[in-house]
Amino acid sequence: MDMSIIYPIISLGGMGILFGLGLGFAGVKFKVPQDERVPLVRDALPGANCGGCGFAGCDALATAIVEGNASITACPVGGASTVEKIGEIMGLTAETGERQAAFVKCNGGLCNSSYQYDYKGLEDCRLMAQLAGGGSKSCTYGCLGGGTCAKACPFDAIKMIDGIAKVDQEKCTACGMCVATCPKSLIELVPCSSDVRVACNSRDNGKVVRSNCQVGCIGCKLCEKACPIEAVKVEGFLAKIDYEKCTGCNACALKCPTGVIKVKGESLKKEAAKSA
Amino acid sequence: MNLAVVFVGAALVNNFVLSQFLGICPFLGVSKKVETAIGMGLAVIFVIAMACAATNVVYNFILVPLDIIYLYNIAFILIIATLVQLVEMFIKKSSPTLYQALGVYLPLITTNCAVLGVAVLNMTSEYNFIYSVVNGVGAAVGFTLAIVLFAGIRERIEYNNIPKAFQGFPMALLTAGLMAIAFLGFSGLISQ
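Each protein sequence line maps, in turn, to chains V and S. Each residue of the first sequence is one higher than the one before, counting from 1 in the working numbering. Each residue of the second sequence is one higher than the one before, counting from 1 in the working numbering.
To be clear, the hints were calculated from the coordinates, so they are not data collected in a lab. Some hints could be false.
Computed from the model, here is a short list of chain S residues facing chain V with C-beta under 8 Å [as the list claims (entries may be wrong)]:
#	residue
1	Ile68
2	Ile69
3	Ile74
4	Ala75
5	Thr82
6	Gln85
7	Leu86
8	Met89
9	Phe90
10	Lys92
Here are the simulated lysine to aspartate or glutamate pairs, EDC-like style, with alpha carbons at most 16 Å apart [claimed, not checked]:
#	chain 1	residue 1	chain 2	residue 2
11	S	Lys93	V	Asp156
12	V	Lys245	V	Glu230
13	V	Lys29	S	Glu158
14	S	Lys33	S	Glu158
15	V	Lys166	V	Asp156
16	V	Lys264	V	Asp168
17	V	Lys221	V	Glu244
18	S	Lys33	S	Glu155
19	V	Lys31	S	Glu88
All residues carry an ideal CB built from backbone N, CA and C; glycine is no exception.
My request is simple: use the sequences and hints to build the entire structure.
Written out as structure tokens, the structure is:
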């Protein structure tokens, strides 16, 4: 046969085979051992890459879970079904992560709180918080009502009602986007199993709170005394509920004089007055 | 011609991107941020240096003796593709941090015509092994210089008020054109 055909076939074919073998060999030699559970866990996660878990995204969380750096309940968005799936893959049956929801620690809406001045400008809390006096509201801790959290919420769970952000617990996935955007650090994640909430963030003393807002926490400590199991503590003129201890007896909410301790978003103050 | 002239010639005078218009795809695609542009540039320098050495050996010791020089394109592509794969595996194993930083740009180099361009240029210029590698590194340094400068300009353009019709790629292409004109100034650096 003509050499002009054989040489190309042999040389290029040989090079191809040689390179192929070399790559195959290198593939084995330079193999980076990746846990086969990582892609499985990754598939079980919601894949929204919201970063609510504190990791860079679902891929990073999957790696962390497999390496044992994160709990299988670390994903706040996926809920019980995700935990179950990951648990299966990891061979763990950890307790289901408690469902959490965001809660805005303020209820001093337009009709309940006083204002230092009228604000007419861009509706963005991050901007409003930079203004003199920390915003137009007299209370420097309260919700500015600019709706920045509502815009940040990827699940449309926050609505602005009466100048206050309100979270729809059903829609909330506890991804934490609103927690990160609120310039007043007003929003926190609380367990859904508990219905009792302190809807105030003011650390001012009682007199100042009284003059700023009709529905603020004045730090009177009546709730602390009312609680049979010491689940409520008043620190810096602000009541705080320890959700791990709270049994939901509502004793604090019934005693609260300003009605800032709420059960299922409702103040029990009027009912207490009626029954008394 | 000495090595320095070859190096400067490849890096500035005959800049691959701005005067020979090779490797435009990564030049436009990976130049939105200076950081990624530097990563891409370094990866290209590494791959081109390796590719120049390998193609020179294959050309001189396989293609020429067997009188099958006409197959150089296929042979070079084969070498470059293999090399990029190998480099990717090696970096993944030895430096996961660098691997993550380079990301998708590493495999993208396979399709960078500048790599093949240098190899072919070395062949037609009949450079020996050392000259080939120096020419390759020079060309790659020129590529890096161009893409990093370009990325820096694009980062600043982002904040400018550009008419709607020119936003995005049209503006980038205009910028590249102006840069090419500027690089034309280097053509007097070496008298041919």
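How the hints compare with the structure:
The interface hint given for Ile68 (chain S) is met, as the beta carbon of that residue sits about 5 Å from the closest beta carbon of chain V, less than 8 Å. A least Cβ separation of about 11 Å between Ile69 (chain S) and chain V goes past the 8 Å threshold, and the interface hint is therefore violated. The beta carbon of Ile74 (chain S) comes within 6 Å of a beta carbon in chain V, closer than 8 Å, and the hint placing it at the interface holds. Interface restraint check: Ala75 (chain S) against chain V, minimum CB-CB distance 6 Å, threshold 8 Å, status holds.
With 8 Å as the threshold, the beta carbon of Thr82 (chain S) comes within range of chain V, its nearest partner Cβ sitting at about 4 Å, so the hint holds. Against a cut-off of 8 Å between C-beta atoms, the interface hint on Gln85 (chain S) holds, since the closest Cβ of chain V lies about 6 Å away. Look at Leu86 (chain S): its Cβ gets to within about 6 Å of chain V, closer than 8 Å, so that hint holds up. This hint holds: Met89 (chain S) has a C-beta 4 Å from the nearest C-beta of chain V, less than the 8 Å allowed.
Against a cut-off of 8 Å between C-beta atoms, the interface hint on Phe90 (chain S) holds, since the closest Cβ of chain V lies about 6 Å away. Taking 8 Å as the C-beta contact cut-off toward chain V, the hint placing Lys92 (chain S) at the interface holds, the least distance being around 6 Å. Distance check on the hinted pair: Lys93 (chain S) and Asp156 (chain V) sit about 43 Å apart at the alpha-carbon level, beyond 16 Å; violated. Distance check on the hinted pair: Lys245 (chain V) and Glu230 (chain V) sit about 8 Å apart at the alpha-carbon level, within 16 Å; holds.
For the suggested pair Lys29 (chain V) and Glu158 (chain S), the alpha carbons sit about 44 Å apart, so the restraint of at most 16 Å is broken. Annotation: proposed proximity of Lys33 (chain S) to Glu158 (chain S) holds, straight-line Cα distance about 11 Å (limit 16 Å). As the CA atoms of Lys166 (chain V) and Asp156 (chain V) are separated by approximately 11 Å, the hinted pair is consistent with the 16 Å bound. A distance of roughly 11 Å separates the Cα atoms of Lys264 (chain V) and Asp168 (chain V); the hinted pair therefore holds under the 16 Å criterion.
Note on Lys221 (chain V) and Glu244 (chain V): the hinted pairing is violated, with a Cα-Cα distance of about 20 Å set against a maximum of 16 Å. With a C-alpha separation of about 6 Å, the suggested pair Lys33 (chain S) and Glu155 (chain S) falls inside the 16 Å cut-off, and the hint holds. Proposed proximity of Lys31 (chain V) and Glu88 (chain S) is supported: the alpha carbons are some 11 Å apart, at most 16 Å.
Of the numbered hints given earlier, the model fails hints 2, 11, 13 and 17; all others are met.
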